[in-house]
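Asker: Starting from the known structure of chain A, fit chains B, C and D onto it as the hints suggest.
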Amino acid sequence: MVLVDWLYVGVFAVVGTAMAALSLGIVWALAPRSDYPQKRTTYESGVVPFGQAWAQFNVRYYLFSLVFVIFAVEVIYLYPWAIVFRQLGRYAFFSMTIFLVILFLGLVYAWRKGALEWS
Amino acid sequence: MQLGLVHFLILSAMLFSLGLYAVLTRRNAVAILMGIELMLNAANINLVAFNKYVAPDALNGQIFALVVITLAACEAGVGLALVMSAYRNLETVHVDEINVMKW
Amino acid sequence: MVNWPLEILKAFALAALMFTFLAIVAAMFGVLLERKIGGWIQSRLGPKHIGPQGLLQTLADTIKLLQKEHITPRAVDAAIFNTAPLIVAVAGLMSWIVIPFGTLGQRVLVVRDLNIGLVFFAGMASMTVIGILAGGWSSNNKYSLLGGLRSASQMVSYELPLGLALVAVAMEAGTLSTVGIVQAQGGWLGSLAFRQFPAFVIFLVAATAEVNRLPFDLPEAESELVAGYFSEYTGMRFALFQLGEYAEMFAMAAMATTLFLGGWKGPFLPPLVWFLIKMYAVVFLFMWVRWTYPRYRLDQLLNLSWKVLLPAGLIWILITGYRITF
Amino acid sequence: MGQLAAFIILSAITLVATVVVVGSGNIVRSALSLVPAFLGITGIYILLQAEFVAGIQVLIYAGAITVLILFVIMLTEHGTGVRFRQVNEQVPLGMIAAGALGAFLIATFLTTPWPMATGSLPPYTASQIGTTFMTNMILVFEVTSLVLLVALIGAIVIARRER
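Protein chains in written order, with my numbering: chain A, 105 to 223; chain B, 168 to 270; chain C, 728 to 1053; chain D, 21 to 183.
Same shape as in the complex, but just chain A (with noise of 0.2 Å):
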């Protein structure tokens, strides 16, 4: 039954968060507490930290995570269809390279158009 299979992945995570917590909790009770402003500063490599981290870099990050979008959902597509094709004969194979061939198109103009420089 496909619930039980479930049940197995949501007792799963459940359980690993635990015993991950439970990790931190051992460390919170047995490790020493000595707390004072010096040692909480954010690491600078001993300079003292100034600005705001939060400094905003430009577009390339971003380009990065479209186009990674855009093929993971292309990705998704050739999921179901990579189990089946096999049964389904010529045409299907015909369909899919189609479907490859435009997204391919949408690789090569990022490509091309610098959005996958890291300049």
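These are computed hints drawn from the structure, not numbers from a lab.
All clues stand as given, with none of them false.
Coverage of chain D stretches by chain C, computed from C-beta distances (three or more under 8 Å per stretch; other residues unrestricted):
#	region
1	49–59
2	86–96
Below, simulated EDC-like cross-link-like pairs (lysine to aspartate or glutamate); rule was C-alpha separation at most 16 Å, straight line:
#	chain 1	residue 1	chain 2	residue 2
3	C	LYS737	A	ASP109
4	C	LYS869	C	ASP804
5	C	LYS775	C	ASP788
6	C	LYS1034	A	GLU221
7	C	LYS775	C	GLU761
Heads up, the beta-carbon is just placed ideally off N, CA and C, and yes, glycines get one too.
Answerer: Below, chains B, C and D without anything else, positioned relative to chain A:
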């Protein structure tokens, strides 16, 4: 009490109204996009619930949910591109400050 | 009908067992193996003093880590700061649910054979990115934020070739469930590594990058940005990040064995032994690559993924499709 | 009975996470709590025996879209964003409108007699989804690739700095 269709519909109605609340009241454009994602998810729950309880023979509801997920991904991509270019030109992402048509 | 209380009990026992197995084998033994192999490759000895041949070294490290103080920097988002290592550790653990270890008589030794096993595995790999971004952001430190963003964009770019390699295997085997894939592979020569060799190479390269291992570990490179996304983490939280990373590495090695090297199938030895031999062979490969190849710069690294692995994966899927349908 | 308990737990997780997404002042906290909301919804899909859609939801929503949203937030927050007022002055109005719509929807859901069917879903949906995509939903399949292409090109044109 057996788990019926109505439970899922009520949950999706709650999710939808929470998403609508976010869209109506948030100032940050990205938060509005998150609200839209929540509303799309609520609609997806309904699609899949109807597919199980009302028309279980063909998987049309689930296929439609997959297409909705694809469109939500495209919408998030383009919407966030607009947010990025608005931020670059107007230095703000707060929608009530973006009120000039030509930047 | 399914006897729910028994199943829940079994699930709890199996989860606890798997977590301790992973904590011991993947984290402790993995780190020791790494330092030993690193030493052997650089013709030095590696840890030697604690326990016979240094076997208890990582046990001593763990006990030390359990006593180290948790330093939480000022102006840190404490809730996210603490949950980030949990996310990475749990994601590393949960990808082990679908990995088949071997067969005992007729039963296959797998936690649960999900019939969308590959999709679940890819999903868990993408969960680690969320943990890393959360950790990088909440440490309120320029270096960890930069390290988090760079590490996330690297892992994100390599998830696609990984997905395409999984699709190529699914095409060959005709199912998404890992046990089905192993059964679809013939004996020693029938394993997919030969028919799907490009997908095997893509999978290994993407897996190395997905786990942030050399030659792709720029974001947390010593020479680069202090310590990448976990520069603010001390003591056990840092150890949880390491546990997640090593669990993920071993999971990738186990998945490479399951998908490409014929899982537990092998001529003479019992199935479980075969599986462990193959898994440790792939782990040795990961470690061997780490100590021999120089580090990639971030743009070379991303170019490799977007401009080499992704097109190669797409073309390979078309070739496999052509080969199978005609 | 067990399913109802699972449903209650999962919808509790989803709704709590959604309230955090909607109500939290810190934009990054609301973005990160999108993940438990989407994972709760994955559990709901599993209860509805939509296993493949659940796997896709984890992969795309919790893995790709949330990462995209987090990236944009980190690129557009110049550190002061966290202290800005996150909510505009329409809060009471928004609350009333959303509450009214929710109540109306729940009322209609409760009163309409849904035509319950007796059939049951195939257990392994992934292969049937693949077959349906390739047989009678072929047009939807090809048009989605066009939509993806258009979205990719459009987003790149908008986001890229005009050289």
